[in-house]
Structures are given as structure tokens and as C-alpha cells.
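*Asks:* All chains should be built: construct the whole structure from the sequences, respecting the hints.
Just so you know, the protein sequences line up as chains E and U, in that order. One point on numbering: in my numbering, the residue at position 162 of the first sequence is 353, and numbering is uninterrupted. One point on numbering: in my numbering, the residue at position 31 of the second sequence is 222, and numbering is uninterrupted.
Any given hint could be a false lead.
You can't tell identical chains apart in this list, so a pair holds if it fits in one copy or across any two.
[As the list claims (entries may be wrong)] As a list, the in silico DSBU-like pairs of lysine-lysine whose alpha-carbon atoms are at most 35 Å apart:
no., residue 1, residue 2
1, Lys418, Lys485
2, Lys344, Lys418
3, Lys485, Lys344
4, Lys232, Lys298
5, Lys232, Lys439
6, Lys485, Lys330
7, Lys485, Lys298
Derived from the structure by calculation, the hints contain no laboratory data. Keep in mind it's a predicted model, so treat the numbers as computed, not measured.
Number of protein chains: 2
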Amino acid sequence: MSVMVVGSVALDSVETPLGRATEILGGSAVYFATAASIYTKVNLVGIAGTDFPAEHIQFLAERGVDIRGLEVVEGETFRWVGRYDFERNITQTLDTRLNVFADFHPKLPAGYESSDIIFLANIDPDLQYEVLNQVSGAKLRVVDTMNFWIRGKGESLNRTISSVDIVIMDESEVRLFAQNQNVIAAARSILTLGPRVVVVKRGEYGSIMVSDTDYFIAPAYPVLQVKDPTGAGDSFAGGLLGYLDQTKELTPNALRQAIVHGAAVASFTVAEFSIDGLRSLGREDIAQRYQELKEFTHFDDKEST
Amino acid sequence: MSVMVVGSVALDSVETPLGRATEILGGSAVYFATAASIYTKVNLVGIAGTDFPAEHIQFLAERGVDIRGLEVVEGETFRWVGRYDFERNITQTLDTRLNVFADFHPKLPAGYESSDIIFLANIDPDLQYEVLNQVSGAKLRVVDTMNFWIRGKGESLNRTISSVDIVIMDESEVRLFAQNQNVIAAARSILTLGPRVVVVKRGEYGSIMVSDTDYFIAPAYPVLQVKDPTGAGDSFAGGLLGYLDQTKELTPNALRQAIVHGAAVASFTVAEFSIDGLRSLGREDIAQRYQELKEFTHFDDKEST
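*Replies:* This is the structure in C-alpha cells:
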């Protein structure tokens, strides 16, 4: 079993009310791969510049991530500079330099095309579609996106979304894409395009999963101190799909469990800068939070009259 | 068993994206009493003007609500005029006329002082404290409040909160009151003032319950079409405390069930204007949504490896 991810590899500079960090390891493919590799074999597709520190590549390789798909080309790695204002709930992008990422065209090394699960992280929907055409045999194709592509490449995004099994998006993105303020109605309208499942991320409020036959309200793990929210969504997807790949089944029940695994993994991500909260994270740590979430959400069937 | 509520009795004029209604029955005490009377005996304390339609008084009386505590005095009933913007998630108050409510001092008719549960809806914290002094024997004292009192009468509010068992507040109010952006940390700091339980309302995201020994993440029932959010919080509290009064036990488990009952009741409230969604609501309708919420939130303990 294996999961393939296509996305960004970045060096982030982040400021939050709890600190600041410069040129740290980031990018959607990196967060996803770090999380999913706790569960299963990950095939990574991305691009970095020659300035990308070797230690980061080594870190991924040591987790068993197949990094043959990480193209390293002359030039600078993608940079993102951002600031979080928790009080006003704002993420401010101060600088984005695409650098080598601007000319990225995903190339799949031999063997990647037989990955069981494909995760198309938030990149140009035309590139996402290019990838889908190279992996026609995958059991599960999953896509994420963002407001930028919804506004700027709506038709391309429609084509990509119509070709996948699961859509994972933020609540505001689901509303924007479907042009419907009611998030449940919005998610349902996405189902009519083709996907079997829509997972709506709601940050600290958890997530919901909507399919034709199922509706699941998933909790977020309560984090007393969020240090850096970067990568929460991608590591959520990584935990979710990593778990799903390893369970080898795609039942509604397995999907619910996978979403809770994703929530548990994301709670470790946001407690530290970069992927530091995931570096030494093991299955037992996740299992513990999974059990806690079970207890936090439990209420009896029987009335206690 | 009985629940007493002290709060406003109002005539609301409301505009939402789904319609508009003028001079409809409203007020925190009315929403609470209508909801709680599905479960138990309610003793209402409030004030109305001589213009308050007799049919509303009759409606409450027919539900078995004790309305001896509803003082009717010369003058006009409290009026609220508001508009909801769902797109921007804004509640806009266009006009507030306190009228007879401006000189309200809660007077408890004989027998009210032996109510088992006391709900102090969102009114001046000094009045809330006056009421507490008249009901020293209550098993459970519960308070709600709002930003207006947190900002304007902080010390009085502290005194009231220190004297109750359960605090029910909106998320933004909990943050403002505790001066802490992290809602869990904020709720915990309220516990240090004396209350045993803090219930944090999060609108469409559900609620959380925090105590020294328990943490509960409660879902909201997914409502596909919200017509009028007015009274969601008060009918949530009404369902919660009505259920709790009727179960006659105050275990953590009963409290969890009660919160889910509150969520189910509130979901009926917001589907119609005024209390219309609750008029013919029965225990079976609530039980059905309770079961659905159980299914919507369920995930297995066992991993399916």
C-alpha cells in the first residue's frame, strides 16, 4: 500500500503571537508526507531549489518517504512569509516567492503510478488534472484547493473535482466554491459534480464529512496552546489518508476513524512550529488522543430517566 | 420538579435573508420557557406592557408555564428590531426600546423560591444577583450573560458568576470575559471563580462543556435552512435545563445528554421565526434528532486493521 502526494515544498517564515521562526521546513507536500508516513509508505512529488537544506531531504528519506519524485533544480526554493493574528483570526501573507515552484510540472518516477491513494494538495488545478491522467489506476483520488484557484481557475477546478473521489476543503472554500452560505447544502452540491465524499475542515471546530449516504460530525482535539497553525490542514489530510491506506478498507466506518486520526495528528502539528510536533510522533500518541476524542464526544443512547 | 427563568419578554421585529417578521413573540424568558416546558414545569419571571397580546400569555399558560411571575404593567413591552446577515455572520441591532423592561425588578410569587433549577437569562447582573438571594435553596443555579454586561458591569457580573453552578455563554463572551483567546483556557479560568461547569455555545459548531473533571464536545444538529437564529441560545438552555430537571440527576452523563437535548431543541427553533418551531414540538421529535446526533458523531473504539 502507498499514498502519493503532489504539492509544495517550501521554506516558511512565520510569526504568531507565541513566537517567530525563519526559513523553516514547510509546504503542503512536506506536511502531508510527514503525517502520512506515520502510517504508511508515501511517494512524494514536488520541486525544490538547490538551496533546499540537505537535512530536510534526509529527514523525509529517514521516514521512509520515497523522495525520487522531489525534483531539485537550479534556483531558489518556494518561500512563504506569513503572520497569524489569533485575536482577529487572520492569516496574513506578507510575502510569497514561487521561485522554482513557478515552473513546476509534476513528474512521476517509475512505480508512483501504482500508488493506491493519490492526494493532490493545493496547487494549480491544471497540474492536479495532469497528475490524475498519469494515475488512472488509483483506488482513491483526493483533492484539496484554496480560494485563489476557486476565484481564478474555476473551470479547471471543476474538471479536477469532477474526477476525484474525495474533496477536502476549508469551510470558507466550500462556501465560495458552491456559492452557498449553508455549508451542508454547499457540500452536497459538490457531491453532484462527482466526488463520493466531501470533508469540510472547520479548524478548531473540527470537520464534517458529507456523502450521499453518510453524515459525520468530527471533533477537533482541544489544544490549549496553538503555536503555529501552518500545515494543520495538510497534516490532517496526511493522517486521514495514511490511516485509510493502512486499514486497506474504504467503508464509511473506516472513513470516520480516519478523519479522527487526521484530527489527532493535526493537533500535534499546531502545537509546534514547522513539522516539529510530528518528528517523534508515534502511533501510540495518536491512539491516545483518538481515545480521548472518543470520550470527549460520547453520550449515551439511553435516557437516564 | 420545576425550573424558574428570569429574563426578557419581548416583541421582536426581525429581518433575515429568508424573510421578515414584525412584532413577533420573543425575549429570553419566552424562548427558554417554551423550550423547557416540553420537559417540565416552568415558573416564569418577567415583565410586559399592557400592549402585550393576550394570545401570547394564553400560549404560555396552555403549556403549563406558571405565569404568575409575569408582571403586566402600564406601558409598552420591550421591543427589539434586528437584522441578520448570514453572509457576513453579523447580527445587527437596528433598535432597542426597553420600555417597561427598564424598571424591571424581579418579584417571585409564592412557591417560586422552591424551584429546583434557576435560569438567570441575560439581564443586568445586579438583578440576577437579587434573584439568587431569593432562592437560596435551589439545586442548580445557571447564568447567561452578554458582551454588554461584561464590558459595562464586570464587577457585578463577577459576583453573580461566583454564586452559580453553571455558566452558559457564547464563545465570544467567554473569551471577552476571561480575557483569553483560547476558549478552553478561558472556560477553565471561569471555573476558578466558583462555577462547577461552563457551557460554551458555538452556534452552528455546537458547544463544549468544561468542568474540573469532564470535557464534552457537543455537536449542533445540521440545519439545512436557518430562517431566524433568534432565541437559539435561550431555547438551547431551555432544552438543556428542562431535560436535566426532568431526569432528576446531575451526573456528568446526564449533563452530556441534556446538552444534546438543548442542541436538538435549538435546531427546531432556528428553522422558523419566533417560537413557531417549538409550538407543536414533542419529545418524540427531539428524541429522533438526539438519535441522529448520536449517529452523526459516532466512531468506533476499535481500529479496523
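*Asks:* Hint by hint, note whether the structure agrees.
*Replies:* Against the structure, the hints come out as follows:
{"no.": "1", "hint": "Lys418 - Lys485", "result": "both (25 Å within a copy, 33 Å between copies)"}
{"no.": "2", "hint": "Lys344 - Lys418", "result": "both (33 Å within a copy, 33 Å between copies)"}
{"no.": "3", "hint": "Lys485 - Lys344", "result": "neither (40 Å within a copy, 39 Å between copies)"}
{"no.": "4", "hint": "Lys232 - Lys298", "result": "within (19 Å within a copy, 70 Å between copies)"}
{"no.": "5", "hint": "Lys232 - Lys439", "result": "within (13 Å within a copy, 53 Å between copies)"}
{"no.": "6", "hint": "Lys485 - Lys330", "result": "both (29 Å within a copy, 30 Å between copies)"}
{"no.": "7", "hint": "Lys485 - Lys298", "result": "neither (41 Å within a copy, 45 Å between copies)"}
In summary, the numbered hints that this structure violates are 3 and 7.
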